[in-house]
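Between the sequences and the hints, there should be enough to build the whole structure, so can you do that?
Those protein sequences? They're chains L and D, same order as listed. Letter 61 of the first sequence, counting from 1, is numbered 61 in our numbering, and no numbers are missing. Letter 323 of the second sequence, counting from 1, is numbered 323 in our numbering, and no numbers are missing.
Treat the hints with care, as some may be off.
[As the list claims (entries may be wrong)] Derived contacts from chain L toward chain D, CB cut-off under 8 Å, selection only:
1) Val34
2) Gly35
3) His39
4) Glu55
[What the hints assert, rightly or not] Quick list of the computed label-pair ranges, beta carbon to beta carbon:
5) Val288/D with Arg59/L: 20 to 30 Å
6) Arg296/D with Thr24/L: 33 to 43 Å
7) Lys83/L with Ala153/D: 55 to 65 Å
8) Asp21/L with Lys41/D: 21 to 31 Å
No lab work stands behind these hints, which were simulated from the structure alone. Just so it is clear, CB atoms sit at the ideal spot from N, CA and C, and this is done for glycine as well.
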Amino acid sequence: MNELSQQIRLVLNEGGTLPVDATTLNDSDDLYAVGLTSHATVNLMLGLEERFDVEFPDRLLRRRTFESIDAISAAVNELLATKKAA
Amino acid sequence: MTSTLARARCVGSEVAARYAESVDRDARFPHEAFGALKEAKLLGVMVPRAHGGDGASIADIVAICHALGQHCASTAMIYAMHQIQVACVVRHGEASAWHRGLMERLVGEQLLLASATTEAGVGGDVRSSVCAVERDCARFTLQKNASVISYGADADGILATARRAPDAPASDQSIVVVLKGDYTLDRTSGWDTMGMRGTCSEGFVLRASGDVAQILPASYADISAQTMLPTTHLTWAGVWLGIASDAVARARAFIRAEARRKPGTTPSGAVRLAETVNLLQLMRANIVAATRDYQRAMDSAETLTALAFAVAMNNIKTGSSEMATRVINHALLVCGLAGYRSDGPYSVTRHLRDAHSAAVMINNDRILANTAGLLLALKDEPEIFA
Numbered sequence: 001m002n003e004l005s006q007q008i009r010l011v012l013n014e015g016g017t018l019p020v021d022a023t024t025l026n027d028s029d030d031l032y033a034v035g036l037t038s039h040a041t042v043n044l045m046l047g048l049e050e051r052f053d054v055e056f057p058d059r060l061l062r063r064r065t066f067e068s069i070d071a072i073s074a075a076v077n078e079l080l081a082t083k084k085a086a
Numbered sequence: 001m002t003s004t005l006a007r008a009r010c011v012g013s014e015v016a017a018r019y020a021e022s023v024d025r026d027a028r029f030p031h032e033a034f035g036a037l038k039e040a041k042l043l044g045v046m047v048p049r050a051h052g053g054d055g056a057s058i059a060d061i062v063a064i065c066h067a068l069g070q071h072c073a074s075t076a077m078i079y080a081m082h083q084i085q086v087a088c089v090v091r092h093g094e095a096s097a098w099h100r101g102l103m104e105r106l107v108g109e110q111l112l113l114a115s116a117t118t119e120a121g122v123g124g125d126v127r128s129s130v131c132a133v134e135r136d137c138a139r140f141t142l143q144k145n146a147s148v149i150s151y152g153a154d155a156d157g158i159l160a161t162a163r164r165a166p167d168a169p170a171s172d173q174s175i176v177v178v179l180k181g182d183y184t185l186d187r188t189s190g191w192d193t194m195g196m197r198g199t200c201s202e203g204f205v206l207r208a209s210g211d212v213a214q215i216l217p218a219s220y221a222d223i224s225a226q227t228m229l230p231t232t233h234l235t236w237a238g239v240w241l242g243i244a245s246d247a248v249a250r251a252r253a254f255i256r257a258e259a260r261r262k263p264g265t266t267p268s269g270a271v272r273l274a275e276t277v278n279l280l281q282l283m284r285a286n287i288v289a290a291t292r293d294y295q296r297a298m299d300s301a302e303t304l305t306a307l308a309f310a311v312a313m314n315n316i317k318t319g320s321s322e323m324a325t326r327v328i329n330h331a332l333l334v335c336g337l338a339g340y341r342s343d344g345p346y347s348v349t350r351h352l353r354d355a356h357s358a359a360v361m362i363n364n365d366r367i368l369a370n371t372a373g374l375l376l377a378l379k380d381e382p383e384i385f386a
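Right, dumping it as structure tokens:
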């Protein structure tokens with residue numbers, strides 16, 4: 001497990017986003033199948049924006065973006081890379 | 001065969017209108033209108049041509065809801081709720097042989113489908129379930145304490161939401177389709193309400209069993225975002241627009257009659273009528289635009305599951321429901337006591353009672369709270385012609 005995915009687990013646990021402990025999940029696990037709701041994805045996104053100091057553009061505000069820790073990592077990596085380039 | 005809309009207009013004016021008063025007074029299922037809708041083959045129109053239907057679009061269905069809503073709101077609302085179920089089967093059942101077979105039966109037998117989404121114990125949140133689908137090899141069983149199954153007693157089948165499995169979280173839901181013979185219903189509550197009295201939205205305990213092939217292959221989360229939610233808000237809005245349109249038609253007839261009685265003078269309610277027609281136009285334009293947006297986005301799961309689309313559909317629901325009662329209130333003022341009467345050609349009392357259901361069928365406050373949450377995440381204003 002890399003550092004980014006660990007930080008994402010922290011955000012998942014801090015916000016009480018999931019009914020389960022995120023450290024017990026694999027990076028590829030389907031978060032919706034373990035109880036992520038569409039309402040909770042908003043708080044998850046806010047938590048990610050705060051922790052990584054990024055902004056999720058509207059085009060990333062889709063169900064698939066938050067479907068797994070892998071998917072979230074990909075989105076955050078993309079946003080961090082854009083930030084660096086700017 | 002004449003167009004689906006022409007057939008619906010005919011059923012509306014010839015049959016639904018004639019029985020609307022008795023359906024409302026007795027809070028009974030509109031048997032006559034549904035007999036006529038089945039005879040006119042209007043229940044399966046959304047089924048693709050490949051499976052024997054007319055391949056009707058969402059715009060066609062909204063137009064039919066609007067046409068029926070001008071005559072009998074309960075008939076129109078039941079028709080809308082049925083088509084929401086058909087849309088789920090048509091858009092998410094194509095990969096399954098059982099559901100393709102169901103599509104053919106929807107056309108051939110003109111089956112009427114109801115929905116069991118709300119459940120006691122979840123506080124009105126249709127996106128979470130207490131009950132679960134229990135599989136045993138090729139069979140499943142399901143027991144659901146459904147706080148509302150509109151026209152459940154008169155339907156030929158029911159789409160029920162439930163947790164995907166007994167160990168699945170509340171938000172991980174599936175939809176199962178059960179047909180008459182697969183289930184029993186025990187009534188737990190009646191339906192004696194202000195309006196929409198013919199929808200007979202009673203509570204039931206649903207006990208069902210069937211083949212696991214009857215479970216829709218997609219997850220409810222996808223079905224809800226891509227089909228059930230937009231189809232619900234658009235078809236309901238079509239019904240409400242129909243109710244409001246008829247109230248305005250009555251107000252216009254009232255003012256014309258006044259003008260004829262005193263030629264040369266403008267009736268006192270004429271200015272109010274002008275404002276009413278303006279509001280109705282806003283309501284119609286909003287619904288037409290959103291229907292086109294949905295039609296354009298229909299093949300893109302990405303767009304349909306985006307938060308911006310959910311906000312737009314939420315707004316159609318809250319905006320149209322509020323506008324409906326506002327327009328009808330204006331029509332009431334235009335018609336005065338003739339509008340306030342429960343009888344006569346200018347009465348808008350049933351319109352007003354029926355339209356008040358709009359704000360509480362999925363409570364507007366719940367939807368606004370949901371929108372408020374989504375707006376915490378969304379940033380950009382879409383472009384005007386995006």
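Earlier hints that do not hold, by number: Hint 8 contradicted; others consistent.
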